[in-house]
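Chemist: Letter by letter, the chains look like this.
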Amino acid sequence: MIQVYRFPFSVFRPGPSAPDARVILLAALAILAGCSTQPVPDRIRISYWEKWTGFEGEAIEAVVQAFNQKPERGSDRIEIELTTVSQIDRKLLVAIAGGDPPDVAGIYTFILYSYAVKGALTDLTARLEEAGIRREQFIPAYWEMCSHQGRMWALPTTPATVALHWNQRLFREAGLDPNRPPRTLRELDEFAERLTRWERGNEIRTGPRPDGDGWSLAQVGFLPQEPGWWAWAFGYWFGGSIWDGQSRITVDSPKNIEAYEWVRSYTQKYGKDTIEKFASGFGNFSSPQNPFLSGRVAMEIQGVWMHNFIEKYAPGMEWAAAPFPGQAETGHPITNAEADVVVIPRGARHPREAFEFIRYLISQEGMELLCSGHRKFSPLAEVSPGFASMNPPANPFLGMFRDLSYSPGAFSIPKVGMWNEYRRELGVAFDEIRSLKRPVRETLGELQVSMQKSLDQEMRREVPRSQLVP
Amino acid sequence: MTRHSLTLGLAFISPWLVGFLAFLVYPLIASLYYSFCDYSVLEPPVFIGVDNYTDLVQDKIFWVSLGNTLLFACFSLGLGLVLSLTLAVLLNLRIPGQAIHRTIFFLPSLIPVVALSVLWIWIFNADSDRGLLNLVLEAVINGCRRFLGLAPTFSGPNWLGSETWAMPALVLMSLWGVGHPVVIYLAGLQDIPQSLYEAAELDGASAWQRLRHVTLPMLSPVIYFNLIMGIIGAFQVFTAPFMMTRGGPGRSTLFYAMALYNRAFEDLRMGYACAMAWILFLIILALTLLATRISRRWVQYDR
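Same order as they appear, the protein sequences are chains R and Z. For the first sequence, the numbering used here begins at 1 and goes up steadily by one. For the second sequence, the numbering used here begins at 471 and goes up steadily by one.
Each hint should be verified, as a subset may be incorrect.
Partner residues are not named here, just some residues of chain R that face chain Z (Cβ under 10 Å, in silico) [to be verified]:
| # | residue |
| --- | --- |
| 1 | Asp89 |
| 2 | Leu93 |
| 3 | Val94 |
| 4 | Gly214 |
| 5 | Asp273 |
| 6 | Glu276 |
| 7 | Ser280 |
| 8 | Gly283 |
| 9 | Pro288 |
| 10 | Gln289 |
| 11 | Met418 |
| 12 | Val428 |
| 13 | Asp431 |
| 14 | Glu432 |
| 15 | Ser454 |
| 16 | Gln457 |
Here are some chain R residues pointing at chain Z (derived, C-beta under 10 Å) [claimed, not checked]:
| # | residue |
| --- | --- |
| 17 | Gly119 |
| 18 | Ala120 |
| 19 | Asp213 |
| 20 | Lys272 |
| 21 | Ala279 |
| 22 | Gly281 |
| 23 | Gly427 |
| 24 | Arg461 |
None of these hints come from the bench; they were simulated from the model. Where is the CB? At the ideal position from N, CA and C, for every residue including glycine.
Chain Z on its own, in the form it takes in the complex:
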């Protein structure tokens, strides 16, 4: 009887099971094997031991792309966390048109990244006749300068065309996607029992104290979740730089996933790219474990 129900159960989940085995487990194991091979896709793989990994350590581009990705992850995650949390708290206020506001802030997340990238190329255009961002920046800053009696000579940076500003531009653009974490924070905020706030208020807690001692601790599991998802997402960022800068100027916006793609599909060094993918996996795993360890101190699950 139990045997029969096991078979039946497996049969029922077989569509998922087959997909899982064929499209996840097999490629996963295969890519691990290929990472120890010289494999061009067009020829059969040749086992070469750990050569790919030792080559990687000496590969300047590998380190540059890793550095760029870490830099991007730090700023994008840090700013994104603050911004999305602030927005969520503000959007949780009971004000007229709350639903509309929430929708507005979520809307940008619905636009495909490719379309968004094209849009941002125009926003970042350094020419203030065409670039929206520089138009606003120049109007505001030169307005201030005039007010202070200085010559209005400020001109906005060449966002995507300069090695200094290309990375900040991409970080700025990544903040466009805060809609997703905001929605999750909102759900978390609504889960906080009203009674806690009432109790805090009775004890004379100010708005800041309520945020600091009620909202944040109660929200910590959600923050933790968003942090992990953010780390994973930031390390895999590909589409926007691929569309907007192709890694340039120089290598200033060459991200890890792009370097990997170049190796795999332009240089036909799939084995090398697989090794890069596994290192990326280990890095994300390590960071996630680190975040989990640290989070024990500040995440509170008990209610």
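So here's chain R without its partners, still in its complex pose:
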């Protein structure tokens, strides 16, 4: 099977290694030539594609370095070669189809299920069992999102949940308690109205749209389209869902209709053109002109990562985060829990060694090294006592974000292969609804039909294949 290589100069593992004289000579030459970083031929080199850059990239580099410097694991000596790959979903597609994929790839869950059903990933179920890695070791939501049709296809790396972020200074200016977030959607609407400011020349008003022409928005309390990344998810905060977990699209359910009526109500309150004009002045997300960071939007849904951007682009900003209020009867806080995941693509040359690395990556040591670097919480159930005291200081609400991922109200993207299409079309529907172009019921009804058709097609295609899976 796999040939076992030994590193000739192992200082860590004194053992019966009898290095070949030629290897010593070669290595000595390499050292003499000052090329000590050149790969030693006796190592198994595992290629690892990851999408992170900046401080997130540095964190994974540290993990890889820690692994590469580890004493030999088992009888192998594995060296990870980390490559930063942008647009990894496209490049991985070509690499897998071309039969030359990396051994490990860090991807997003939004391509996980379509890749899994298309047989583009290595099934990790048996390896996980063998290694004694179990569901209980993880926060359930993150383990769950890696399984599909009863098999495990990935493992979580850096997790995230989302919550309401609010600007405390603007709360104070509006006469609101800066430490008390809205607790119901009705309250959110009320707060939003008080936090909305209008301008006409030198006149300034707060509250609902003043009478007369020429008023423009200077600040809003809340805007469903900002940042707009959860345009597909509003129904969940109303107790709905967009998929039944099996084979039905449920986007036209009464709860979803209610949610998108609510989205629409914001345009009705402020006026389509007024909002468009106001929103067109928003800068890029990663810039000081980000509307939340610049104080143009007082409350918005954001993830655990937002803290990093606040530190960078609006240092000193007074802000806080709490669960986004929901309308579900259960009373559980509602959040979108997602994670970046690692997979072993189909056709990887060294799946065993790749898994060996993943095993280290998801160990407590690896995860805490990575997640503290990303300044996120760990997806593991257990954390070491010193983990929270990160340097630079972590998100002050890290505990809340972590607790949110345990909530029964935590939801993740539907496990359907046609998710990219579904999300895109929901985005278009969202645009149509919030620009008052079409009524909610009609828009969602039409979407229901077309997306159900697409899912049916997918299921028809995938049935023969899934029957092959034991």
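Model the placement of chain Z on the given structure of chain R, informed by the hints.
Modeler: Relative to chain R, chain Z alone:
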């Protein structure tokens, strides 16, 4: 001997020949085959007959994107043709600094579309504090309004953020690329024998008559060429909307090539995307043939 030179000749052109076969003929035939398959790239293709094509006919997004592309092509081509021809004629005038002027008008065509798109995002910013276009528009129009005794309340449109204005914005931006046709027109203009103009002048033709009866007919093959290239280019427009609007708001700037890309690389429906590509090919072919047929009436090749 002839056999030997044939082999030798083939050997000499083999670098091109191999490239042509491997990177053009094979993909072309393969994509035609895949267009009749259910093909996700990750799995082997499964032949499904004409299902992709029948699905396409019922696909609302297909028709929307086709409509958007036609609309864009009409306006972008029409305006581009008039503008580039006018510029070429003006740049052909013997005035001081002619070479400099020509360079200036060609320069924008040298900027990569991606960089240009980022630049135009800022130009189109609706906020007149930041958006150059609205800054100018508001200054000019409100200036006029003041002059006429009206309140200066005009505010520029939200170019990229509104369904009404996003398409005109992209058409406007496409005019930035007129440098290429202008250069070709200039070459064509210089090919027109001076004697024709002299003869026309002797016959008492005015400047307009010379343009109408000498320049345009003599330039018609070049106009025809630019028209065909324009049709092909307009139907394949991708980068600018992809960078600037991602097809939105709604589907107002969803172009055919973008819809195709979404199907292929986001939805992993490569067979469907191949069918779309072949339909695009047929549309361009049909339009080119139509243009050729019509052009027989107005293109004059004889000198």
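Chemist: Given a cut of 10 Å on the nearest C-beta pair, is the interface hint for methionine 418 of chain R held or broken against chain Z?
Modeler: Where the cut-off is 10 Å and the nearest Cβ of chain Z is about 7 Å from methionine 418 of chain R, the hint holds.
Chemist: Minimum Cβ distance from glycine 281 of chain R to chain Z below 10 Å?
Modeler: holds (4 Å)
Chemist: For the restraint on aspartate 89 of chain R, tell me whether the closest CB of chain Z is nearer than 10 Å.
Modeler: Hint holds; aspartate 89 of chain R Cβ to chain Z Cβ min 8 Å, cut 10 Å.
Chemist: Verify the interface restraint on aspartate 213 of chain R: the C-beta must sit less than 10 Å from at least one C-beta of chain Z.
Modeler: Because about 8 Å separates aspartate 213 of chain R from the closest Cβ in chain Z, which is inside the 10 Å limit, the hint holds.
Chemist: Let's test the interface hint: is any C-beta of chain Z closer than 10 Å to that of proline 288 of chain R?
Modeler: Violated. Min distance 13 Å.
Chemist: Does the CB of leucine 93 of chain R sit less than 10 Å away from some CB of chain Z?
Modeler: Nearest chain Z Cβ about 6 Å off; hint holds.
Chemist: Hold the hint about aspartate 431 of chain R up to the distance rule: shortest CB distance to chain Z must be less than 10 Å.
Modeler: holds (5 Å)
Chemist: Just to be careful: measuring from the Cβ of glycine 214 of chain R to every Cβ in chain Z, is the smallest value less than 10 Å?
Modeler: holds (7 Å)
Chemist: The hint names glycine 283 of chain R as touching chain Z; please verify it with the least Cβ-Cβ distance against 10 Å.
Modeler: With Cβ-Cβ at 9 Å, under 10 Å, it holds.
Chemist: Closer than 10 Å between Cβ atoms is the bar; does glycine 119 of chain R clear it against chain Z? Give me holds or violated.
Modeler: Holds - the Cβ of glycine 119 of chain R comes within 10 Å of chain Z, reaching about 6 Å at its closest.
Chemist: Holds or violated: is there a CB of chain Z closer than 10 Å to the CB of glutamine 289 of chain R?
Modeler: holds (9 Å)
Chemist: Holds or violated: is there a CB of chain Z closer than 10 Å to the CB of glycine 427 of chain R?
Modeler: Since chain Z brings a Cβ to about 8 Å from glycine 427 of chain R, closer than 10 Å, the hint holds.
Violated hint: 9 only; the structure is consistent with all others.
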